[in-house]
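Asks: Letter by letter, the chains look like this.
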Amino acid sequence: MLEIKNLTKVYKGEKVAVDNLSLKVEKGDIFAFIGHNGAGKSTTIKSCVGLLDFSNGDVLIDGVSILKDPMYCKSVIAYIPDNPDIYEYMTGIAYLNFIADIFKVDKNERLALIDKYATDFEIKQNLGDLIGSYSHGMKQKIVIIAALLHKPKLMIMDEPFVGLDPKASFILKNMMTEMCKQGMAIFFSTHVLEVAEKLCNKVAIIKDGKLVVSGNTEDLVKDKSLEHVFMDSANLNINAVVGGEDE
Amino acid sequence: MNNFLLLLKCDLKKLFAPKKDGKIGVLIAYAILAICILSISIAYTSIFGLILPNDSKHIALALILGIYTIFVLFTTVGNSKILFGAKDYDLLMSLPIKPIEIILSKLFYVYLLNFLGAFICLVPSVITYMIVVESGAITLLNALIVLPFVPLLPLVLGLLIGTIINVVISKVKNKTLITTILAALFLGVYFYFIFSSNYQDAESDEQMAAAILSIQGVFKIFFGYSKGITGNYLYSFSFIGFGLVFAGLYLLILSKCYKQINNIIFSKRSSANFKFDKDKNKSTSVTGALLKREFKLFFSDTTIIMNNLIGPIFSLLLAVAVIFKGGINGLASGLEIEGEEIDIAELERVFSYIIKNLLPYIPVLFMGTCFYSACCISIEGKNMWMVKSLPISAKSYFNTKLLTHLIINLPSAIVCVLAFGITSNAVWYDIIIAIIFTLSYAVFDSILGLTVNVRYHNFDWATTAEVVKRGTSVNIIAVVGILAIIPLIIIQILASFISPYLGFAINFALISGLAFLFYKITYNNDDEKLLKM
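Heads up: the protein sequence lines correspond to chains B and U, in order.
Note that this note's numbering gives residue 6 to position 6 of the first sequence, counting from 1, and the numbers run on in steps of one.
Note that this note's numbering gives residue 37 to position 37 of the second sequence, counting from 1, and the numbers run on in steps of one.
I should point out that these hints are in silico values taken from the structure, not numbers from a laboratory.
Do not take every clue at face value.
[Unchecked claim] Per the computed footprint, the stretches of chain B lying under chain U, defined by three or more beta-carbons under 8 Å from a beta-carbon of chain U, are:
1) 94 to 101
2) 110 to 116
3) 120 to 130
All C-beta atoms in this analysis are idealised placements derived from N, C-alpha and C, irrespective of residue type, glycine included.
With these hints in hand, go ahead and build the complete structure from the sequences.
Replies: So, in structure tokens, the structure goes:
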């Protein structure tokens, strides 16, 4: 569903943000993309959804290159950014309708979906209010609902759990599992390693723009935890750190 | 006081920091804009200075000050977010800084910008005045003494109106409607005074100037300025005193309620009472959805509205005035002043020449004050990721921007042409030609603005004023808009010796050709351009 081939992104001819990165997300995968701050996660994600052009490589979505047919690629994916900067001058319902119009979602279908998701995320009462009056979490909920309206084949999310209340996080996790069972693919970045470990069947760790670990979660974690795998990949010995503190 | 200077330094740094939307281009645009304002000021003072009788040529200065004040007033209303609802409010209030220091730094920042404007606008006018009336250098010295106090009154008044609008719209859901109504109301009241003034009753040139400036009380302040710099120091002191007292009072009131006003503005309005009505929920086409969103964006911000609707509103008001005054000749007879010898027949002949040869150029002048297409991409700001991540082609996106600009600009321009044409008994085909020409200029104007904004865009702004008022693309279009109209009028006047239609044909071909060229430049590799923004 998503294939990143030798992706390289260099900012202003100097900083290599992503260096020859390749990975594959299959149908039904929940794929966690992990890395420290500034590792290149957001740059990779933004390149995948057509927000950033890249210096080298290619991104295939559903077998189609984002460089060759960006319109098709964008029509089958849903993107949730790390910061829900959305149109504050619109009401929640106006925004959802706008997104549904762009994706040409049938009127009755969109109504049913808005009704269902808004009820699940407990935001139905606020749909008539201006987005400018929403809290960060409410904006995040609206972005998530908007992303689900056109039933995308691939969801690409940058830190989707930030700002969500525990119930909304729980609902989103269940939705992600359910949608992947139906053949959708999810690729998301996160710093919450426990969530990634429990939720995802595949994990990739990026460090300084380079992919250092990638594979099935079970195979990578084995008898350890994802936190250990991450710390090892970051060339840090977690035992030494913990031991140092104890001393 | 250290904090005041630190805050001011921060704001000024932001103003002069190298912009993302162009480096050297910004400076060039500012310089050309300054030259244009300067030239207009000189031309204006010269014309009025020559028309008015010798003993009252100082009215020319009062007029230029009046115009400058109105300009500052309008722009400050739109700029009031520097003081209220500012994005750095939370940060600044959480720091150990006294509110009065924050207020002073913000006010002084706006004041400095306006002082710069006053300097560019008024000093050349005073120098021109000195040349026209052959007065000594003392006039310039007097003007320079009064100059620092010139921006005080419009600044405070503008911020006061801006505060009221901000407070009112923060309380209502439909900010769009209320802002537009308030802005239109404000303009309407102003123009009511202008067109209800009785020019015929003016017994002296001072009264005529008072009538032109419409509000007698306000005029007296401008009059004080002009009288003051021509040697009557009592007027100078009154002018300075009035500005200082007004600013001081405002500062005093503001220091008491700055926090409260910001709390009102920042308090989020959330009714949480949405009823899901399936019948009210309508779906629309992609173009319809984009257009709807574009208008919501346009009406979402006072600065955007104030800076782009002034031209169309002026155009409409002029049309209404022409209709009510019984055509352009009615306006001509309205200029009759008791005791002054004005050849009405000659004026009517001039106006009939304008109708025959320059009819479409009347709304075109107002069109030049709407810069929406020149800032329409920049105003997306931090929301630009949405446009880029949605399946929207660059062509549909750009088309929506152009269409919005035309919808804002065109109807009022056509009404203006029709009003002037019909009330002046112009031939029907002259009116049709004028409408076609107006249409072609509107298309050229919108594509030119878009082309420049595609090249010089800036999404990294804190307030819309940074891109709507001071953006590189807007500055460039302001200059080009002024400069473009001059050769067109010259061609028209020269060609009219043969036939006015020849002038229209040449200019139409010129404008259409340029519009096509800019269209090609903008729409070539448009998807790639959008991606790289």
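Asks: Determine for every hint whether it applies to the structure shown.
Replies: Checked hints:
no. : hint       : in the structure
1   : 94 to 101  : holds (count 6)
2   : 110 to 116 : holds (count 4)
3   : 120 to 130 : holds (count 7)
In the structure shown, no violation is registered for any of the earlier numbered hints.
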